[in-house]
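Residue numbers (numbering that gives the first Met the number 0), protein chains in the order written: chain P, 0 to 191; chain C, 0 to 191; chain A, 0 to 191; chain X, 0 to 191.
Certain hints may be false.
Put simply, identical chains are the same to the list, so a pair is met inside one copy or across any two.
To be verified - Under the rule of at most 35 Å between Cα atoms (straight-line distance), these lysine-lysine pairs were calculated in the DSBU-like manner:
| hint | residue 1 | residue 2 |
| --- | --- | --- |
| 1 | Lys25 | Lys162 |
| 2 | Lys162 | Lys67 |
| 3 | Lys144 | Lys67 |
| 4 | Lys46 | Lys144 |
| 5 | Lys46 | Lys25 |
| 6 | Lys67 | Lys25 |
| 7 | Lys43 | Lys162 |
It is worth saying that the hints were derived from the structure and are not from the lab.
Number of protein chains: 4
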Amino acid sequence: MGSAGGHIDPEVFQKVRDLGRTIGQKGYVLITGACPGLPHEAAKGAKEAGGVVVGVSPALNMDEHVIKYLSPTRCYDAIIYTGSGLMGREIENIRSCDVVIFAGGRSGTLGEFAIAYDEAKVIGVLESTGGITQHLGSIIEMVNKDTGAIVFYDQDPERLLAKLEEVYRAVIPQRHLEALEEGGGPDGVIEP
Amino acid sequence: MGSAGGHIDPEVFQKVRDLGRTIGQKGYVLITGACPGLPHEAAKGAKEAGGVVVGVSPALNMDEHVIKYLSPTRCYDAIIYTGSGLMGREIENIRSCDVVIFAGGRSGTLGEFAIAYDEAKVIGVLESTGGITQHLGSIIEMVNKDTGAIVFYDQDPERLLAKLEEVYRAVIPQRHLEALEEGGGPDGVIEP
Amino acid sequence: MGSAGGHIDPEVFQKVRDLGRTIGQKGYVLITGACPGLPHEAAKGAKEAGGVVVGVSPALNMDEHVIKYLSPTRCYDAIIYTGSGLMGREIENIRSCDVVIFAGGRSGTLGEFAIAYDEAKVIGVLESTGGITQHLGSIIEMVNKDTGAIVFYDQDPERLLAKLEEVYRAVIPQRHLEALEEGGGPDGVIEP
Amino acid sequence: MGSAGGHIDPEVFQKVRDLGRTIGQKGYVLITGACPGLPHEAAKGAKEAGGVVVGVSPALNMDEHVIKYLSPTRCYDAIIYTGSGLMGREIENIRSCDVVIFAGGRSGTLGEFAIAYDEAKVIGVLESTGGITQHLGSIIEMVNKDTGAIVFYDQDPERLLAKLEEVYRAVIPQRHLEALEEGGGPDGVIEP
Numbered sequence: 000m001g002s003a004g005g006h007i008d009p010e011v012f013q014k015v016r017d018l019g020r021t022i023g024q025k026g027y028v029l030i031t032g033a034c035p036g037l038p039h040e041a042a043k044g045a046k047e048a049g050g051v052v053v054g055v056s057p058a059l060n061m062d063e064h065v066i067k068y069l070s071p072t073r074c075y076d077a078i079i080y081t082g083s084g085l086m087g088r089e090i091e092n093i094r095s096c097d098v099v100i101f102a103g104g105r106s107g108t109l110g111e112f113a114i115a116y117d118e119a120k121v122i123g124v125l126e127s128t129g130g131i132t133q134h135l136g137s138i139i140e141m142v143n144k145d146t147g148a149i150v151f152y153d154q155d156p157e158r159l160l161a162k163l164e165e166v167y168r169a170v171i172p173q174r175h176l177e178a179l180e181e182g183g184g185p186d187g188v189i190e191p
Numbered sequence: 000m001g002s003a004g005g006h007i008d009p010e011v012f013q014k015v016r017d018l019g020r021t022i023g024q025k026g027y028v029l030i031t032g033a034c035p036g037l038p039h040e041a042a043k044g045a046k047e048a049g050g051v052v053v054g055v056s057p058a059l060n061m062d063e064h065v066i067k068y069l070s071p072t073r074c075y076d077a078i079i080y081t082g083s084g085l086m087g088r089e090i091e092n093i094r095s096c097d098v099v100i101f102a103g104g105r106s107g108t109l110g111e112f113a114i115a116y117d118e119a120k121v122i123g124v125l126e127s128t129g130g131i132t133q134h135l136g137s138i139i140e141m142v143n144k145d146t147g148a149i150v151f152y153d154q155d156p157e158r159l160l161a162k163l164e165e166v167y168r169a170v171i172p173q174r175h176l177e178a179l180e181e182g183g184g185p186d187g188v189i190e191p
Numbered sequence: 000m001g002s003a004g005g006h007i008d009p010e011v012f013q014k015v016r017d018l019g020r021t022i023g024q025k026g027y028v029l030i031t032g033a034c035p036g037l038p039h040e041a042a043k044g045a046k047e048a049g050g051v052v053v054g055v056s057p058a059l060n061m062d063e064h065v066i067k068y069l070s071p072t073r074c075y076d077a078i079i080y081t082g083s084g085l086m087g088r089e090i091e092n093i094r095s096c097d098v099v100i101f102a103g104g105r106s107g108t109l110g111e112f113a114i115a116y117d118e119a120k121v122i123g124v125l126e127s128t129g130g131i132t133q134h135l136g137s138i139i140e141m142v143n144k145d146t147g148a149i150v151f152y153d154q155d156p157e158r159l160l161a162k163l164e165e166v167y168r169a170v171i172p173q174r175h176l177e178a179l180e181e182g183g184g185p186d187g188v189i190e191p
Numbered sequence: 000m001g002s003a004g005g006h007i008d009p010e011v012f013q014k015v016r017d018l019g020r021t022i023g024q025k026g027y028v029l030i031t032g033a034c035p036g037l038p039h040e041a042a043k044g045a046k047e048a049g050g051v052v053v054g055v056s057p058a059l060n061m062d063e064h065v066i067k068y069l070s071p072t073r074c075y076d077a078i079i080y081t082g083s084g085l086m087g088r089e090i091e092n093i094r095s096c097d098v099v100i101f102a103g104g105r106s107g108t109l110g111e112f113a114i115a116y117d118e119a120k121v122i123g124v125l126e127s128t129g130g131i132t133q134h135l136g137s138i139i140e141m142v143n144k145d146t147g148a149i150v151f152y153d154q155d156p157e158r159l160l161a162k163l164e165e166v167y168r169a170v171i172p173q174r175h176l177e178a179l180e181e182g183g184g185p186d187g188v189i190e191p
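This is chain P alone, in the form it adopts within the complex (with noise of 0.2 Å):
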């Protein structure tokens, strides 16, 4: 998550591109807004380094996609058109991932933050990428409420996601066990 335009500094870009090399590597999905700017910089990254990148449009279909929202196409392997709008796709988005990456950003990324914060998400803060992100600590302090979501800050893109990898492998995969075994197992079961 994190700027789709306004002035970037070129290290941002670059650190942004390492960040998504280094989830392609590691043979994790990127999930990004499909956007143009700083998301679009880590598709390309993670791309180079043969990762599968899905992107979640704001548009109904590809026309809108280019046309409308002037977003870009390449590196994606699927992009999904919710039709939801700027904001409206950012839930889905969200909601898909397993752990959200913030650098950069405005008014866009702060709602995106909320919303990442208030459904208890694994968040990494990218420093050093200048916009809203740097004011992320002093508004969790406003916002006070445990949501349960944890948030880590780092201005590496690969000890930040070591950091992330540690505790999603502590955390997350835990709930998922817990999902498949209440649940229906990884092949789901057929309705009568």
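Given the structure of chain P, go ahead and fit chains C, A and X onto it with the hints provided.
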């Protein structure tokens, strides 16, 4: 938009109920997230004044609304079951309002504010209702992006509504009139 | 649910307007897709009788509603902007209705019927309104699945509504009562 | 799109698995509703052939996916949690596909077909898979509306896919090329 939980002062409840009553008296339609807490207090106020109240529910149906989300059904003329969850339904809720008013709240309300601000809404902040609402001024500075949103602050429900009404008359109907002129008119156009 | 386009007979328009008027007179809330054609005719009827009418729009906002979808704004107490497109909005529309009535229509109406049937709704078919509606009996046979949906047919709007009312009173409030008993009651429960 | 339940013949399972395998071999991305039954059989086939598989889930998160919907998690590179319920998620599923293939099925599949037909998709019908699929020809006659959808029928998975590929190359990339030319290009355009 505002607190569905946490500690809420009785005066804040009263203030929000007065706000709802004024909305109903003036003949406006109140749209809420059909949740308990401050939004429900506004619904009760609007209904007392004979207003129309529509709820935009996170649930897929009435069962989920009542059992999973422990949400109210009283006071609503219609409840729209979005199934999009707590934050997902807020997008539609905000989109469907001409004017959005905030009181109290925590991370959910912050997400709603970010959405309303990003979607360039006419926004009212009911002051002295605590929670995240009292930090919205500093958060706007952190966001540092002119989205076209217009934000008013007042601690008096009637005065706040009067201000919002004035802006609404000045700004919104013009955009609506343009939409009606470009488009199909108030009765729509039948497709071939 | 029904034709937003194609050739529509004046008697069909009249029948659907009568249906809307009866719905309004009886104090029910009419929910439509806020589109032109038969649904708008029902909205006009309900409004003439002083009813509350809510529209569930395919558009992201009023501009799109009027310009892109050439859809009506007159007669609606509130329009919910789902942004989910023509078929996407129908899901919410159908979910939010206690009873769903069909008249005329083509492929869109067929999709709506399949949804309502799959979601086990109480369904009314206004006969002699042409289109796909006249084939719904054979389509149910082809589907060959008991979903729990209850379907009534009548060519007279008042008689159809009377039948649906009777089933509604017998079947639905029971489920709603159970939901209210299991859940938080008509005013909801505030989260901690 | 197809049966998630009811009785399904072993040959139909085999046919759909072959279809999935061919999709994976040809390097296409398979998008399913991440449900059990025929769609999961296609996912297994595509995965065996090394393909990328994306699921569009009715659930809000993995817990609901597994526990409430008894749905599979194996074979999916990414699962998008729409939270829109069984029919709601189908809209996004269909919108996000370049080509939509039907096999077997009952009322849910009928709804999906109506949506795909209404949205002018390139549609393949895998014949001799029973259910509602065998009635789609007569249903198109009943609908009696040219939406622009193109429908092919074949009982052999490879032959069906070969036909759909040919149409796809002839029809779709042209529209996509036009979209890319009108819009921002494959890397999108950064907003100011």
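Verification of the supplied hints:
no. : hint           : verdict
1   : Lys25 - Lys162 : within (14 Å within a copy, 38 Å between copies)
2   : Lys162 - Lys67 : between (38 Å within a copy, 32 Å between copies)
3   : Lys144 - Lys67 : between (37 Å within a copy, 21 Å between copies)
4   : Lys46 - Lys144 : between (37 Å within a copy, 31 Å between copies)
5   : Lys46 - Lys25  : both (12 Å within a copy, 19 Å between copies)
6   : Lys67 - Lys25  : both (34 Å within a copy, 31 Å between copies)
7   : Lys43 - Lys162 : both (23 Å within a copy, 33 Å between copies)
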